[in-house]
Structure formats: C-alpha cells, structure tokens
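Enquirer: This is what each chain is made of:
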Amino acid sequence: MANTKEVRKQIASIKSTQKITSAMEMVAASKIRKTQGEMQLGRPYSEKIKEVISHIATSSSEYSHPFYESRAAKKACFIVVSSDKGLCGGLNINLFKSVIHKAADLNAQGVEPSFALIGVKAASFFKAVGGNVVAKVQKLGDKPDPDMLIGLTKTVLDLHKDKEIDEVYLCSNKFINTMTQQPMVQQLIPLPAIIDDGSTSTHWDYIYEPEAKELLEGLMTRYIESLIYHAVVENNACEQAAKMLAMKNATDNAGDLIKELELLYNNVRQAAITQELSEIVGGAAAV
Amino acid sequence: MSTIKVSIVSSSEEIYSGEGTMVFATGSLGEIGIAPGHTPLLTGLAPGPVRIQNGDEEQTFFCSGGFVEIQPDLVTFLSDRAERADSMDEAEAIKAQEQAEKNMHDQQSTLDYTKAAAQLAEAAARIKTIQKLRKNK
Numbered sequence: 000m001a002n003t004k005e006v007r008k009q010i011a012s013i014k015s016t017q018k019i020t021s022a023m024e025m026v027a028a029s030k031i032r033k034t035q036g037e038m039q040l041g042r043p044y045s046e047k048i049k050e051v052i053s054h055i056a057t058s059s060s061e062y063s064h065p066f067y068e069s070r071a072a073k074k075a076c077f078i079v080v081s082s083d084k085g086l087c088g089g090l091n092i093n094l095f096k097s098v099i100h101k102a103a104d105l106n107a108q109g110v111e112p113s114f115a116l117i118g119v120k121a122a123s124f125f126k127a128v129g130g131n132v133v134a135k136v137q138k139l140g141d142k143p144d145p146d147m148l149i150g151l152t153k154t155v156l157d158l159h160k161d162k163e164i165d166e167v168y169l170c171s172n173k174f175i176n177t178m179t180q181q182p183m184v185q186q187l188i189p190l191p192a193i194i195d196d197g198s199t200s201t202h203w204d205y206i207y208e209p210e211a212k213e214l215l216e217g218l219m220t221r222y223i224e225s226l227i228y229h230a231v232v233e234n235n236a237c238e239q240a241a242k243m244l245a246m247k248n249a250t251d252n253a254g255d256l257i258k259e260l261e262l263l264y265n266n267v268r269q270a271a272i273t274q275e276l277s278e279i280v281g282g283a284a285a286v
Numbered sequence: 000m001s002t003i004k005v006s007i008v009s010s011s012e013e014i015y016s017g018e019g020t021m022v023f024a025t026g027s028l029g030e031i032g033i034a035p036g037h038t039p040l041l042t043g044l045a046p047g048p049v050r051i052q053n054g055d056e057e058q059t060f061f062c063s064g065g066f067v068e069i070q071p072d073l074v075t076f077l078s079d080r081a082e083r084a085d086s087m088d089e090a091e092a093i094k095a096q097e098q099a100e101k102n103m104h105d106q107q108s109t110l111d112y113t114k115a116a117a118q119l120a121e122a123a124a125r126i127k128t129i130q131k132l133r134k135n136k
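Protein chains in written order, with numbering that gives the first Met the number 0: chain A, 0 to 286; chain B, 0 to 136.
Do not take every clue at face value.
[Stated by the list, open to error] Derived BS3-like pairs (lysine-lysine); straight-line CA-CA distance at most 25 Å:
(1) Lys114/B with Lys212/A
(2) Lys4/B with Lys49/A
(3) Lys126/A with Lys73/A
(4) Lys30/A with Lys162/A
(5) Lys153/A with Lys173/A
(6) Lys153/A with Lys101/A
(7) Lys49/A with Lys84/A
(8) Lys101/A with Lys142/A
(9) Lys73/A with Lys33/A
(10) Lys47/A with Lys4/B
(11) Lys135/A with Lys162/A
(12) Lys4/B with Lys153/A
(13) Lys126/A with Lys30/A
(14) Lys30/A with Lys49/A
(15) Lys142/A with Lys114/B
[Stated by the list, open to error] Quick look at which bits of chain B chain A covers, simulated, 3 or more residues with Cβ under 8 Å:
(16) 70-78
(17) 81-92
(18) 119-132
[To be verified] Per the computed footprint, the stretches of chain A lying under chain B, defined by three or more beta-carbons under 8 Å from a beta-carbon of chain B, are:
(19) 42-53
(20) 96-102
(21) 220-234
If you're looking for bench data, these hints aren't it; they were derived computationally from the structure. Every residue, glycine too, gets a C-beta built ideally from N, C-alpha and C.
So here's chain A without its partners, still in its complex pose:
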C-alpha cells in the first residue's frame, strides 16, 4: 500500500495544476467577451459587402469576373484558419479532420489539394501530415491586423489568376455559442451561384466609374480579404470559448482526482494507525 507521504505529494501537485487551469479558464472567459465584440463589430461590413456582391451577380454586367466562372477543377487551395496556441480542446483537430476529409474527397475526383495556413497550429499539423503549402501566416495575436492577411490572400488570388489553382476553400470554425463551435469548409472561388428567385428578372447594369474590370477586381479582392479576416476574428472567439470549456473540464477533473486521492490518503493513514495499534497491543501481550 502507498505511503502517506507519496499521496500527499501527489495531491499537492494536482492542486497546483488545478490553480493554473482555473486561472486560464478565467483569462479565457474575460477574453471571450472582447473577441466576441470584435466579431460582431466586423459583421456589418461583411454582410454589406456580401449584399453588394450579390447585387453585382444579379446584374447583367458587361464584364464577368473570373471569380464567377467555374473552370474544370484540377487544383484546389484550402485556406485553413487555426489558433496560435493549444489547450483549446478539439477545436483545431476537428477542423483539420474536416479539411483532410474534404481534401481526400476532392483527391478522389482527381483534384490536387494545396494549403494556405493561418495560425501556428495549422502550420505544425500540416508539416507533420505533409501537403503542398503555398503560404502561411502565424502569430496574429488576439487582435488580428487585416494587413497581416493581405500577403496570404494575394498569394492565393495570384495563383488563381495564373490558373495554378481552380478552386479556393476557406476552412474555419464557426462560432455558434460559447459551448459549440462548428468546423466549416466554405467555397470561396468560384463564388457559389446565387439562386435566381425570379424577382430580379429585369435587365439592368451598374454604371461603373472608372472601368468595370478595374473596379470589380478591387471589390472582389476586398470581398475575399474581408471573408478571410472575418474568419480569423471568428476563429479567435471560438478559440477562447473552446479554451474556457477545456480549462473548466480540466479544473473539474482535477477536483475529482483530489477528492479520490484524499480518500486514499485517509485510508492509508487509518491503516497505518490501526497497524501501529495492533503492534503495540500484540507487543504488550507478548510481555
């Protein structure tokens, strides 16, 4: 049977771990509010730009942007948004699983996948798994700067322009609530066709100032940038929520373990006392 000193040491070590996890839980809880606020602030922009893009799609434009045209897919690029830090439960790994699943699906159809990675965790995962990585950004921090994403976006869009890539997917976690985050693989290019409900049957077009091509080029780039930025901000909120949950579970588990160990400690102590007593009694009888 274990001796009391050993058990006491174990309890002390678990207690200090519990202190750390509960501190991390509180940090994550306070960050959630901030990241969630940021996510909501960015929402109007992405909604508005989506509206504008869908208006353009329904107009009979003089210039058809390459993002609308679907070519025979030979190569696809996955933009994977992950967190920089771990200890957030299955958040990243669930996302990677759905990415790999989708990539395997496409591969079966003869489409060659490549990856553009955002976040330290994605970089280390795809380094281990293998795969053609075309671009990566890391360490965006709690307050991601849109400027840091421009390089990655440009690389991917340039590859698309040069016909090195035919399809682009954006993979990130969707924030449903604090308890649930949903991994999502969303098609960016070609832009999913907008369902014509018949209400826009009239033939109309914008006046473009200056040229349609130039303008749409800029607007589309901005659209893709805003989607990626929004995904990063949303993923941040997911990370904090997942971290809070994971740390809460860890703290609870530590509590359970301590309870069990304390029971064991008392058992061991009582056994030792009983043994000592019986030894004394036995000794006295012998004398």
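With chain A's structure known, arrange chain B on it following the hints.
Expert: Chain B in isolation, oriented as in the chain A frame:
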C-alpha cells in the same frame, strides 16, 4: 420627401445606418451627389468627406477610400476606415500630414513613395473635411 437608405461600414465597425434625402461623397473620379432614385452606380471612393443630409440636418463623415454602391433606394459605403468627422482631431491630422510629407521627401524606393503619397492624400483630405465642417458650423 423621399429618402434613401444610407449605410457606412468599415471593416472594423458600422459607422452610420439611417435615412438621407441627399448624400454627397468623394468618388475616385470626383465629387458625386446622390439623390433618392439614383441610377445603379458602382465606384471607388477617394479619401474625403461624406455628407448626409436628412431634411435640415446634416452629418459629416470621413472615409479613407473604399467603394460605394448605389441602388435607387440605397447607398452602401464600404470604407477601409471611416469615422465621424466631429470626432476627428485637427491637430492630429496636421501632424499626420507633416509626417507624410517628410516620408515623401526621404523615401528610399518607389514603393515607399506610393505609400507616402497615399498617406499624404489621406491626411490632406482629413484636414479638408475638418475645415469644411468648421465652416458649416
């Protein structure tokens, strides 16, 4: 009086959402005035003021470039950065302009030059917006 729905959004927040009887903005090819029932128009935005009139009221905003989409019943400003003009600081803007001018002069490469020129244009537009706003008061 007929009105048009106006919204100004920047990538980090929504600046304004409401009705207007007349909207003025600085397009990339010059100033544009937008009245309700305007024909669909899509254009770039140059750094400069955006004025929204609603009856007798007028509000001024500052947009530092982006896009504007106009439909007969709605105007959407997709700005890179936008703010309310009355919350802008003139001293700050002048300082930014001086800094931009300095950058222009001791630029190293052409890349820096275009960046500095853009900065300068933005700072100048900012000051103009503030001054215009003051004159109107």
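Enquirer: Look at each hint and say if it fits the structure.
Expert: Taking the hints in turn, this is what the structure says about them:
1. As the CA atoms of lysine 114/B and lysine 212/A are separated by approximately 23 Å, the hinted pair is consistent with the 25 Å bound.
2. With a C-alpha separation of about 17 Å, the suggested pair lysine 4/B and lysine 49/A falls inside the 25 Å cut-off, and the hint holds.
3. Among the hinted pairs, lysine 126/A with lysine 73/A is consistent with the structure: their alpha-carbon atoms are about 23 Å apart, no more than 25 Å.
4. For the hint linking lysine 30/A to lysine 162/A, the alpha-carbon distance of about 41 Å lies beyond 25 Å, and the restraint is violated.
5. A threshold of 25 Å between alpha carbons decides the hint, and for lysine 153/A with lysine 173/A the separation of about 24 Å falls inside it, so the pair holds.
6. For the proposed pair lysine 153/A and lysine 101/A, the alpha carbon gap of about 23 Å is at most 25 Å, so the pair holds.
7. Note on lysine 49/A and lysine 84/A: the hinted pairing is violated, with a Cα-Cα distance of about 31 Å set against a maximum of 25 Å.
8. A C-alpha spacing of about 30 Å is found between lysine 101/A and lysine 142/A, which places the hinted pair above 25 Å, so the restraint is violated.
9. A C-alpha spacing of about 41 Å is found between lysine 73/A and lysine 33/A, which places the hinted pair above 25 Å, so the restraint is violated.
10. Distance check on the hinted pair: lysine 47/A and lysine 4/B sit about 13 Å apart at the alpha-carbon level, within 25 Å; holds.
11. Pair hint lysine 135/A plus lysine 162/A holds up; C-alpha atoms about 20 Å apart against a cutoff of 25 Å.
12. Taking the CA atoms of lysine 4/B and lysine 153/A, the gap is about 33 Å. The hint is violated against a cut of 25 Å.
13. Taking the CA atoms of lysine 126/A and lysine 30/A, the gap is about 29 Å. The hint is violated against a cut of 25 Å.
14. Using a Cα cut-off of 25 Å, the hinted pair lysine 30/A and lysine 49/A is violated, with the two alpha carbons roughly 28 Å apart.
15. With a CA separation close to 24 Å, the supplied pair lysine 142/A and lysine 114/B stays within the 25 Å bound.
16. With 3 residues having a beta carbon nearer than 8 Å to a beta carbon of chain A, the segment 70-78 of chain B meets the requirement of three or more and the stated coverage holds.
17. Chain A is given as covering the segment 81-92 of chain B, and this is violated because 0 residues of the stretch bring a CB closer than 8 Å to a CB of that chain, at least three being needed.
18. Closer than 8 Å: that is the beta-carbon criterion, and the segment 119-132 of chain B has 0 residues meeting it against chain A, so the requirement of 3 is violated.
19. Counting residues of the segment 42-53 of chain A whose beta-carbon sits less than 8 Å from any beta-carbon of chain B gives 6, enough to reach three: the coverage restraint holds.
20. By the rule of at least three residues with a Cβ nearer than 8 Å to a Cβ of chain B, the coverage given for the segment 96-102 of chain A is violated, with 0 such residues.
21. For the segment 220-234 of chain A, the assignment as covered by chain B holds, since 3 residues bring a beta-carbon within under 8 Å of that chain's beta-carbons and 3 suffice.
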